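If you read the protein sequences in the order shown, they are chains A and B.
At the far end of the first sequence sits residue 386, using our numbering, and the numbering has no gaps.
At the far end of the second sequence sits residue 299, using our numbering, and the numbering has no gaps.
Take these hints with a grain of salt, some might be off.
Over 10 Å on every C-beta distance to chain B, these chain A residues come out as not near it, computed from the model [as the list claims (entries may be wrong)]:
1) V244
2) Y278
3) L287
4) P310
5) K331
Pairwise CB distance ranges (calculated) [unchecked claim]:
6) E365/A <-> R71/B: 24 to 32 Å
7) L349/A <-> E281/B: 21 to 29 Å
8) G230/B <-> P354/A: 50 to 58 Å
9) D162/B <-> G313/A: 46 to 54 Å
10) R229/B <-> P367/A: 14 to 22 Å
11) A67/B <-> A343/A: 44 to 52 Å
12) P120/B <-> G313/A: 20 to 28 Å
13) P321/A <-> G50/B: 25 to 33 Å
14) G313/A <-> E202/B: 21 to 29 Å
15) H352/A <-> H243/B: 34 to 42 Å
16) A37/B <-> L382/A: 27 to 35 Å
17) T358/A <-> A146/B: 40 to 48 Å
18) Y279/A <-> D162/B: 51 to 59 Å
19) A146/B <-> L372/A: 48 to 56 Å
Facing chain A, from chain B, some residues (calculated, C-beta under 8 Å) [what the hints assert, rightly or not]:
20) P150
21) V154
22) D158
23) Q221
24) L251
25) L258
Hints listed in this document are in silico derivations from the structure and should not be mistaken for laboratory results.
Computed from a predicted structure; not experimentally measured.
We put the beta carbon where it would ideally sit given N, CA and C, even for glycine.
The primary structure of each chain is shown beneath.
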Amino acid sequence: MAACCLLSTADLAEAETVGSLGVNLRTDLATHTVRASAGASMGCWSVTLVVDPYGYYYNSQHDTELFVERDLWHGGWAVLAGWRFESAPVLGVRYYLEKPFIGVSASVPKMLFGVVRIRFAAELAFTLVEHAPDLPTSWFWQLEDPARNALDVGFFARFDLARTL
Amino acid sequence: MTIRLAVIAVLGLVGCFDRRPAGLIVCHNANCATGTDPFQDANLASLDRSLALKYRDRPAADGMELDTVWDAAGGRCLFAHDFEHQTGALGSEAADRVAAYLAQPTDFVSWDGSNYFVKIELKDTVSAAGARHTPEELVKHYDCVFDMYARITAAAVANRRDLVIAFESTVTLVRGLPSHPMWPGKEPLVGVHVRLIANVESPGLQPEDLASLRGDSSRDGLDILSFHASRIPDALQQAYLALDVQVMIWMLDTALETFDVIQAFEPNYIDTNEAVLLRRWLED
Numbered sequence: 222m223a224a225c226c227l228l229s230t231a232d233l234a235e236a237e238t239v240g241s242l243g244v245n246l247r248t249d250l251a252t253h254t255v256r257a258s259a260g261a262s263m264g265c266w267s268v269t270l271v272v273d274p275y276g277y278y279y280n281s282q283h284d285t286e287l288f289v290e291r292d293l294w295h296g297g298w299a300v301l302a303g304w305r306f307e308s309a310p311v312l313g314v315r316y317y318l319e320k321p322f323i324g325v326s327a328s329v330p331k332m333l334f335g336v337v338r339i340r341f342a343a344e345l346a347f348t349l350v351e352h353a354p355d356l357p358t359s360w361f362w363q364l365e366d367p368a369r370n371a372l373d374v375g376f377f378a379r380f381d382l383a384r385t386l
Numbered sequence: 016m017t018i019r020l021a022v023i024a025v026l027g028l029v030g031c032f033d034r035r036p037a038g039l040i041v042c043h044n045a046n047c048a049t050g051t052d053p054f055q056d057a058n059l060a061s062l063d064r065s066l067a068l069k070y071r072d073r074p075a076a077d078g079m080e081l082d083t084v085w086d087a088a089g090g091r092c093l094f095a096h097d098f099e100h101q102t103g104a105l106g107s108e109a110a111d112r113v114a115a116y117l118a119q120p121t122d123f124v125s126w127d128g129s130n131y132f133v134k135i136e137l138k139d140t141v142s143a144a145g146a147r148h149t150p151e152e153l154v155k156h157y158d159c160v161f162d163m164y165a166r167i168t169a170a171a172v173a174n175r176r177d178l179v180i181a182f183e184s185t186v187t188l189v190r191g192l193p194s195h196p197m198w199p200g201k202e203p204l205v206g207v208h209v210r211l212i213a214n215v216e217s218p219g220l221q222p223e224d225l226a227s228l229r230g231d232s233s234r235d236g237l238d239i240l241s242f243h244a245s246r247i248p249d250a251l252q253q254a255y256l257a258l259d260v261q262v263m264i265w266m267l268d269t270a271l272e273t274f275d276v277i278q279a280f281e282p283n284y285i286d287t288n289e290a291v292l293l294r295r296w297l298e299d
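Here chain A stands alone, though its shape is the one from the complex (with noise of 0.2 Å):
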């Protein structure tokens, strides 16, 4: 099945569709550390959903994001592309950040019989533009050294639990 994912899609009729439900967590400053996933696989492809139950709940930072992964070869290698969605509390309005990323990931292997699914991921998100309905919009060329303030390095790990749908 790896292998066919390096050019083609056309198992996908064939493949078997896997739903998970977990956590996305991390250490650098990017998101909140701790947020919930859910996903779901077929074949090579899988996209997943990360919200933020405890930005929400605090009405801090949110950030919500979506994200497609493809997987590469054996060993669990896979390469994503995603949209985070975040805003944050500035000036008593939310300020919005649209923030397109671009990772790889690397899966170890499945436990409990493929039940707990662990992947480790590094993304370089890059900050399009910030926006809110009564502050000035700033696209990423308009902030003082964009190489700096607009790119972002990152490093987050998934724990899921998956299973046939």
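Following the hints, position chain B against chain A.
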């Protein structure tokens, strides 16, 4: 030779990325000479030690924070951070110490020379139990901090110091200052500048504050936002960077995260209990 050049090149690159910002160092809680010790905050002995603090024969700091508490039971304006550690010293006594410091016959009252920054903070509780100001108590507290302002300003003007004097409290309390009869305005005298500071987490901030936060001192709005130098999430940090507002970073113990936040924010003011440490980091 090749290895030596490579090492120099790497160090040069590290130097490029390890840019030190140029913020003014302010003595947090008038207690920046001996490190973080809340038991020594806002008392006259700590204030004297902090005013006398030197680094390379120059004042290590660029300014002083003077905390005030309105003591409702005693009807006094205390120079104190809180009721638990108050020593009975008055706000006027602290102001007189700073005024005497500015009157010294020296070209250097701050690291940079003859410029000085004073932050007068109004704590929003009036008893150890945490009661808030009544309207009458608030007016008396405002009277007190404007009296402190007058004492310090008189010394600065008489000795040709360039003085920025800023009032900090909750957004609500700070917004009340310009309505007081003793409010001097933002630019009351040549070389004297008055500013207003609010903590970024204090309720009441609004988008209309942006103009004054970006330096428009023709308005009686907030001028500076203060942040605690903790692990500030990236989005919040990026938002304030993009808005290009004036920022004060305050801290207790300085940690790696503190330096990271200072490098990211490049704050206008660094409010610290460890003035020499921060000065060495900025200058060396």
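Comparing the hints with the structure gives:
no., hint, result
1, V244, "holds (18 Å)"
2, Y278, "holds (15 Å)"
3, L287, "holds (17 Å)"
4, P310, "violated (8 Å)"
5, K331, "holds (32 Å)"
6, E365/A <-> R71/B: 24 to 32 Å, "holds (31 Å)"
7, L349/A <-> E281/B: 21 to 29 Å, "holds (23 Å)"
8, G230/B <-> P354/A: 50 to 58 Å, "violated (23 Å)"
9, D162/B <-> G313/A: 46 to 54 Å, "violated (32 Å)"
10, R229/B <-> P367/A: 14 to 22 Å, "holds (20 Å)"
11, A67/B <-> A343/A: 44 to 52 Å, "holds (50 Å)"
12, P120/B <-> G313/A: 20 to 28 Å, "violated (47 Å)"
13, P321/A <-> G50/B: 25 to 33 Å, "violated (44 Å)"
14, G313/A <-> E202/B: 21 to 29 Å, "holds (27 Å)"
15, H352/A <-> H243/B: 34 to 42 Å, "violated (26 Å)"
16, A37/B <-> L382/A: 27 to 35 Å, "violated (51 Å)"
17, T358/A <-> A146/B: 40 to 48 Å, "holds (44 Å)"
18, Y279/A <-> D162/B: 51 to 59 Å, "violated (40 Å)"
19, A146/B <-> L372/A: 48 to 56 Å, "holds (49 Å)"
20, P150, "violated (25 Å)"
21, V154, "violated (27 Å)"
22, D158, "violated (30 Å)"
23, Q221, "holds (4 Å)"
24, L251, "holds (4 Å)"
25, L258, "holds (7 Å)"
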